[in-house]
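All chains should be built: construct the whole structure from the sequences, respecting the hints.
Residue numbers (our numbering), protein chains in the order written: chain A, 1 to 161; chain B, 162 to 448; chain C, 449 to 1251.
Hint data in this document are derived by calculation from the structure and do not stem from the laboratory.
Backbone N, C-alpha and C fix where the C-beta goes; we use that ideal spot for every residue, glycine too.
Worth double-checking, as some hints may not be accurate.
[As the list claims (entries may be wrong)] For lysine-lysine, the following DSS-like pairs were computed, each having C-alpha atoms within a straight-line distance of at most 30 Å: (1) B/K166 to A/K3; (2) A/K4 to B/K166; (3) A/K146 to C/K894; (4) C/K482 to A/K117; (5) C/K894 to B/K350.
[Claimed, not checked] Pair by pair, the computed Cβ-Cβ distance ranges are: (6) B/E324 to A/D125: 41 to 47 Å; (7) C/K1118 to A/E157: 54 to 60 Å; (8) C/P673 to A/E157: 36 to 42 Å.
[Claimed, not checked] Far from chain B by the CB rule (all over 12 Å, computed), these chain C residues: (9) R571; (10) L599; (11) D630; (12) A642; (13) Q853; (14) E882; (15) L896; (16) G1085; (17) Y1123; (18) P1158; (19) T1236; (20) K1245.
The residues making up each chain are set out below.
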Amino acid sequence: MAKKLISVTVNGKLEERAVEPRTLLIHFLREELNLTGAHIGCETSHCGACTVDVDGVSVKSCTHLAVQCDGAHVTTVEGLANKGVLHAVQEGFYKEHGLQCGFCTPGMLMRASNFLKENPNPSEDEIRMGMSGNLCRCTGYQNIVKAVQYAARKLQEAPAA
Amino acid sequence: MIPPKFDYHAPKSVAEAVALLEQLGSEAKLLAGGHSLLPMMKLRFAQPEHLIDLNRIPELRGICLDGDTVVIGAMTVENELIASEVLRERVPLLGEAARLIADPQVRNRGTIGGDIAHGDPGNDHPALSLVCDAQFVLQGPNGRRTVDAHGFFLGTYMTQLEESEVMVAIRIPSFATHSGWAYEKLKRKTGDWATAGCAVVLRRSGDVVSHIRIGLTNVAPTALRAEAAEQALLGQPFTDENIARAVAAAIAITDPADDLRGDPEYKTAMAGVMVKRALNTAWARSA
Amino acid sequence: MSAVIQPADEREASLAGIGVSRLRKEDARFIQGKGNYVDDIKLPGMLHMDIVRSPIAHGRIKRINKEAALAIPGVHAVLTADDLKPLKLHWMPTLAGDVAAVLADEKVHFQMQEVAIVIADDRYIAADAAEAVEVEYEELPVVIDPYDALLPDAPVLREDLAGKTSGAHGPREHHNHIFTWDAGDLAAADAAFAAAPIKVEQHMHYPRVHPCPLETCGCVASFDPIRGELTTYITSQAPHVVRTVVSMLSGVPESKVRIVSPDIGGGFGNKVGIYPGYVCAIVASIVLGRPVKWIEDRIENISSTAFARDYHMDGQLAATEDGKILGLKVNVVADHGAFDACADPTKFPAGLFHICSGSYDIAAAHCSVKGVYTNKAPGGVAYRCSFRVTEAVYLIERMVDVLAQRLNIDKAEIRRRNFIRKEQFPYTSAFGFEYDSGDYHPALEKVLDAVDYPALRAEQAARRADPNSPTLMGIGLVSFTEIVGAGPSKMCDILGVGMFDSCEIRIHPTGSAIARMGTITQGQGHQTTYAQIIATELGIPSEVIQVEEGDTSTAPYGLGTYGSRSTPVAGAAIAMAARKIHAKARKIAAHMLEVSESDLDWEVDRFKVRGDDSKFKTMADVAWQAYHQPPAGLEPGLEAVHYYDPPNFTFPFGIYLCVVDIDRATGETKIRRFYALDDCGTRINPMIIEGQIHGGLTEGFAVAMGQQMPFDAQGNLLGNTLMDYFLPTAVETPKWETDYTVTPSPHHPIGAKGVAESPHVGSIPTFNAAVVDAFAHVGVTHLDMPHTAFRVWQALKAHNLAI
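Dropping the structure here:
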């Protein structure tokens, strides 16, 4: 069961590594690349703490093999800010108190940023549906909804350059 | 939770995948979306020596029209079903029901073919396929064959798909005019499997039901088509009495498992509630 | 040169002190993926540990074969109880005065009990090795029900306790009995019942649940054999206590043990205890001389570390015919699992359960709690509550409703009639607690007005009158009083260490500051709110106050964060330490301004010469002077430490109201409205308070409506992943309405009482009351949680309400 050589562009940087086929994407990111933003919460694809973008869509990296990402573009929370400027969802979570312990936050942010691409002007119900793959034990979601609304407004006002 | 070791294969064509299946035999498993298989492997309930990843086969993905039939590549993911204009116009039930499956991230990975081929009675597409009169295109060492959804599901994790076959596509005839449809799914929370689910497609002709399919999710070892229930309404007016007969007939064929979602009595009753609600919604839409 | 003096209110605003919804200092790292949780820690040469666990709930270990595991390349060690025996570490003391197996010693007592550990180069190899360890068991009869456990011929679960007729909390009356603990006055309660015209009783089971923080438990243990020093990074809500226990267990002097709680991904009581996994990782690191990481997976977390509740309760109330409560009696059978590993103050094996007289003036009361062993995981922690307060509040709130229904008195009215009145505070309850403050009546009226309670009741009456209504409507009303801030050391200790807490503040020469506490934040925002207290006390902008916690090498000793004790205890220590600094600063300012101390007034951020606004010294001025040229006779520097032993607990309260609509066809319950009024005394950061309340309500919603840990007859835990264990998503979670009153604690330096647990404690009985209330018209007085659709449907069916 030989290792496989994979090339993955992570947060804009090409990474080449030999991985065991069974290596989960979350472990590849955290252990191999030291990108510890995405977390492991449930391991059965229920909690969303491990959410990252793979080729532009939200994916739970605990239920995804690193080898499947050969040739893919992956974005993690570490790649969300643009040259030191926070993404609107990062700002929204800060301003609206959308986080407490912070453990679910990277997954929430990655999902929220992608959700607002899918639906730039969502209703509250649509936000709740769109974020329903991510569990939070601390906030009760009410401020997360506000944070996404904040980000939606901000993105509408000043579309990303 | 760490999966056991395996070898990984990423064929670029269906033929290549079939050849690998033939060569590797029962030690190999097909990897579609992975959201059933990988958790099972992490729990070490499944320990395949080889995974054959179908994600790099372009021909398995996409939705197109073949005359009046919608052809859905087996590796098309749930979110693509939801987004599809073709489906919205031709088979609106599918995208609507897909919204009730798993959660947004999982819908980016979970595939219609994987959902069907797995044979899990908790999956939603089997019942949806039954009510849509779907056909499945399967490719094996001897070429392709097309089978009806009706009769495909044999039992829990058992289908007509042979060990060396790959599901290639799902073919669904466009809904006729005056069709109504619904998928009612009772679940404990987002992402859960159904406690009980019911899919309905029907057509009305005046005040009479002129076509009807009723499918049930997760209330038996496999998805069910409730044919006796269909008969209770086919050619009949859509009255409370006939609905009640259909519900009773549907309930009669359930055989649900006892789990934390409920006991068989509850699930059976809920199957009835879901049938009734799905019938009413479908009828109202068929006008 | 006369500069315009900035007005005091502007200066105060710039401090961002008490009362300001200051944005959180913590967030910058969390929103950029730069949190530092235990699994993020990597040390050079670090190995990984995995645990071999028992698949059965009760049995003898016949044989353990390590060979196949040891043969896997990259495996360094496989250890069992036999390997720990020479170190006397195969058993460990629990916080509750019992012992617990570190690794199963000849016998397993619950499913998923730790049997062996494997140490390997990475977690993948460790997982393979754990699977390769072969363990042969001889199965023994399993006891799941605590009542069955007490039958005369019940299997003996704890053979290690054979012949021990008394335990840490008194005599043991049966081989599966742990303790019986009483509070109150039984004779007085009996007398009240004998004389009372009305008596009601109700049996209820508060089911076993799990706190289930999103981050599981884990640690990285690193023993340096050259220096003889042990550093352990650990997900602990009480790092100093861990240090003391680790020193006691390992024999490493406490001065050479360093415990660091890094960022913690939620605790909720799950991370108070000291688990076998921690001990094993530490032992492995000492034995191998290399750092060892252990991270629980989710199934291990739910199955083995720290459940909560599992109280079988019988309540009785005696009352007059107009609903005035005369007496309360409670009997509890408490399922503690295989080892008594509750995390309670030493003297209280049932925690503060004797707060169960609630918000009511009850003259006579008694409770008795019987702890029992079963073949289930140990625990019994305070899941987002002060010790057993959730159970107590649930009990009394249920009982008051039962009484109201019996007497056909409105559920709000019966509370009005029984509340402790404002003028009665400080009020000593029949159980001996002195409630420091409270003002319940106006809070109740505020909530009833806000929701238009009479209109809701009218709507409910109309719904009930319609036999074809597709839904049942229920209104739950709860008026809870918590007891938090454990606690006064005369009553509360953990392993003999009093439950004080501490703060050290240093003001730097240029006027910024650092503060360190014995608590540890897990999302509560201490780095933000603690700084606000100092800002107000010392006139230093909170922005330049660093707050550090969790590293036992730098922080003063404290008992940690659980039981809503951070603000009541550490928050008080902060204010007291700040006041010591303030007193010294006043001396320095007087010296600088060449006036006597009594001629100085303090205003926001400065000492002013009374009557002359132009003559002042700010705290920054004073700080510089303290280091530059302190007055003769004063030590240089400006810092203080304070260890705060609270004179009493604090007693936050709240009034919660919930409206539910129950689908008569499916049993699904929709939360139409939830209105939560909390009184936590002085409000330090309203934004954070509201966030804490949202979170607590959501956890309460999960407990009441879905969380359960059912066991089959073989002792298998059914539903140990997040597929089955109910953590609601944004879709299921209701929208919350919050409100408040402010009744400051008279004995707390800033009047604060603690808040984060109130919404959990208070909301659970509220949801429950709402569901029961939907059935009240057919005579139902109680339904056990959780109110899953399935269980509610069963109730609908039983009462001919299903359609």
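May I ask which of the numbered hints given earlier this structure violates, with the numbers listed in increasing order?
The structure breaks hints 5, 7, 8, 9, 18, 19, 20; every other hint is satisfied.
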